[in-house]
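S.K.: In order, the protein sequences belong to chains S and W. If you read the first sequence in numbering that gives the first Met the number 0, its first letter stands for residue 0, the second for the next number, and so on. If you read the second sequence in numbering that gives the first Met the number 0, its first letter stands for residue 0, the second for the next number, and so on.
To be clear, the hints were calculated from the coordinates, so they are not data collected in a lab. Since we're looking at a predicted model, the values are computed, not measured. The beta-carbon is built from N, C-alpha and C at its ideal position, and this holds for glycine as well. Keep in mind that a hint or two might mislead.
Stated by the list, open to error - Label pairs and their computed distance ranges (CB to CB):
#, chain 1, residue 1, chain 2, residue 2, range
1, S, Q69, W, D25, 53 to 59 angstroms
2, S, S301, W, H106, 22 to 28 angstroms
3, W, K36, S, E202, 56 to 62 angstroms
4, W, T52, S, G116, 55 to 61 angstroms
5, S, E222, W, H106, 46 to 52 angstroms
Claimed, not checked - Short derived list, chain S residues pointing at chain W, Cβ under 7 angstroms:
#, residue
6, G72
7, C125
8, T158
9, L226
10, E241
11, S252
12, L357
13, V359
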Amino acid sequence: MKALLPFDMKQIHRMIDEIRKWMPFTPSSKVVCLGITYDCSEDAAREQFLEDFRSRILLTYRCGLEPPLQLAGGGTTASDSGWGCMLRVTQMMLAQCFVSLSLGREWRFGEKDLKEGSTYLRITSCFLDTPKALFSLHRLVEMGQHILGKEPSSWFGPTSAAQAVGHLFETSKEDGAGRPDFLQEVGCAVFVDGPIYKETVMERFNGGCTSVIILVCRRLGLESCNLEEYQQGLDVCFRLPEFQGLASGNSSSSAHFFVATHGEDSLLFMDPHVTYPALQKDADVVASCGLRAGRPLRLPWSSLNPSVCVAFLVQSKSEFLSLCDRLCEGPGEQLFEVLERQPTYNAAFDDLLEADDLVVVS
Amino acid sequence: MLRMFDWSGKDETCEQVKKLLKKYPDRIPVICTKAAKTSLPEIEKKKFLVPATMLCGEFKFIIHKHIAATGSPKESMGPDQTLYLLMNNSKKSVKASQFMCEVYAAHRAKDGYLYIHYSAEATLG
Chain S
0 MKALLPFDMK
10 QIHRMIDEIR
20 KWMPFTPSSK
30 VVCLGITYDC
40 SEDAAREQFL
50 EDFRSRILLT
60 YRCGLEPPLQ
70 LAGGGTTASD
80 SGWGCMLRVT
90 QMMLAQCFVS
100 LSLGREWRFG
110 EKDLKEGSTY
120 LRITSCFLDT
130 PKALFSLHRL
140 VEMGQHILGK
150 EPSSWFGPTS
160 AAQAVGHLFE
170 TSKEDGAGRP
180 DFLQEVGCAV
190 FVDGPIYKET
200 VMERFNGGCT
210 SVIILVCRRL
220 GLESCNLEEY
230 QQGLDVCFRL
240 PEFQGLASGN
250 SSSSAHFFVA
260 THGEDSLLFM
270 DPHVTYPALQ
280 KDADVVASCG
290 LRAGRPLRLP
300 WSSLNPSVCV
310 AFLVQSKSEF
320 LSLCDRLCEG
330 PGEQLFEVLE
340 RQPTYNAAFD
350 DLLEADDLVV
360 VS
Chain W
0 MLRMFDWSGK
10 DETCEQVKKL
20 LKKYPDRIPV
30 ICTKAAKTSL
40 PEIEKKKFLV
50 PATMLCGEFK
60 FIIHKHIAAT
70 GSPKESMGPD
80 QTLYLLMNNS
90 KKSVKASQFM
100 CEVYAAHRAK
110 DGYLYIHYSA
120 EATLG
C-alpha cells in the first residue's frame, strides 16, 4: 500500500500548507493583532488591520551573502535559503520589539520612514546581511556555532534562535559602541524551558535597563501542539499590549512569525520562505521601499508547531510584575510559570544502582 | 515519611512496582525515555525511583546529567542544549516547580509507573 503512495504524510501536509499559503485569503472575522482587536467583518476595520500588518518588518531568505558562510565540511554558502527560516523569524520578532520600543504601537509605515537617518532605517540596519550588523544572519549563525555547536546551515528551533539572540545582547553590551542609540538601555532575558524568573528580569532593570525584551520558549507537545491544554493560553498572549509575536512554525517544519489570531480557528503570520538578494546597506532597504509584509497568511491552530517562543516587551518594573500576574491567571496559567529566581539544582542527588536498569535517586 | 498512595488496593499496579514501593515507600517510580524524532541520545538507564518531594526541575536536572553522561557530541547535548520533559499520555509539559508526587498523582499509568518523554526543541528550516 505504502509503495502506491508517491508521497508520505509529512510531504502531503507540507503541500497542503503550501497550497493554503497561496490561496486568496481576506480576513473576515475578529482579528487580534499584537494587542489590538479589529473586527474584520467591516471593511474599514479590515483596511486598518491590513495597514497595521503591512507595517510590520518582513525578513526573508537572502542570497548573495557577503562574505559567504563557511560550511563544516569545507566550502561556503552565500544563501540561507532552505535552512535559515527560523533565524529570519527570530529576527522579525526582534524587529517588532524594536519597532514597539522606538516607534510605538500606533506607528504605521510611511514614506518618511525611508528618509536617511530615520528610526525605521536604524532598526532595519540591525538586520542587514553583513557581519557588522548587530543581529545579522552572520552573527546569529556564528553565535549558534559558538554556544550550541551548530554548524552554519544547520536548522535552528525557536529555543536555540532565542538563545543566540540572548547571547548577542550580552556580548554587545560589553562593546556598547556597536549598539544603536535606541538599544542602549534595552536588556533581553531568555527563558529557554518555560519558567520566567522574576529576579533575572529585575536584575536587567537594576543594571540600568529601561526596557527588557522577554523571550519565553516552550515545547507544547511532541508530534503536534497540545491545543487542548495550551491554545487558550497562547490566544490570551495576542491580546496583551506587551506581546511582540510568536516565533514558531507549522507542523511540517516551516518557520513562521505569528502576529495575529483570526477568528477562533487560525493564526495569521509572516513568512520568510522567499529568497531575495542580500541587504548590504540602508540604501538596499530604501530601494525595496522598506521591508514590508505583504498580505497576511493563515495557519489553522491545529497545524501549529509544538516548539514556540513568545516575545514580550516590558518598559518598567511595575509593568513586568503586572505582566507576570496577568500571565499566571486564567488560561495563561497552563502555559506560563513565574518563579522568584532560578533555582540552583546541585548534584546532591546520588544515584544508587538498584538493578541493571533502575536508578534510585536519593 | 510521606506516603502518597495505598498500593495494596491497586490491582493493576504491576508486581515490579509493588515490590519497589515496598522497599522504597517514599519514592515515585518513573520511566523516562527519549521522544521519537529528537536528536538527543538515548539514556542508558530508563527506570528511576525518585523522592516524592523532588521538584520536576530537579528531575530534569538529573535526566540532563544522564544524557550528558552518554558522551555524545556537543550539538546533541551541550550544557546550553535545552531539554523538554513531556508526559507520555497527555503530551503536557511538566512545570519546574511541581513536585514529582503531584505529577504522579495526575498522570500515573495503570501499571503504576509515571511515563515521561524527553525531547529537544523542534528545528525548522
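S.K.: The structure should be examined with respect to each hint, and the outcome stated for every one.
M.R.: Consistency of the hints with the structure:
{"no.": "1", "hint": "S:Q69 - W:D25: 53 to 59 angstroms", "result": "holds, 54 angstroms"}
{"no.": "2", "hint": "S:S301 - W:H106: 22 to 28 angstroms", "result": "holds, 24 angstroms"}
{"no.": "3", "hint": "W:K36 - S:E202: 56 to 62 angstroms", "result": "violated, 37 angstroms"}
{"no.": "4", "hint": "W:T52 - S:G116: 55 to 61 angstroms", "result": "holds, 60 angstroms"}
{"no.": "5", "hint": "S:E222 - W:H106: 46 to 52 angstroms", "result": "violated, 18 angstroms"}
{"no.": "6", "hint": "G72", "result": "violated, 15 angstroms"}
{"no.": "7", "hint": "C125", "result": "violated, 22 angstroms"}
{"no.": "8", "hint": "T158", "result": "holds, 4 angstroms"}
{"no.": "9", "hint": "L226", "result": "violated, 10 angstroms"}
{"no.": "10", "hint": "E241", "result": "violated, 22 angstroms"}
{"no.": "11", "hint": "S252", "result": "holds, 5 angstroms"}
{"no.": "12", "hint": "L357", "result": "holds, 4 angstroms"}
{"no.": "13", "hint": "V359", "result": "holds, 5 angstroms"}
In summary, the numbered hints that this structure violates are 3, 5, 6, 7, 9, 10.
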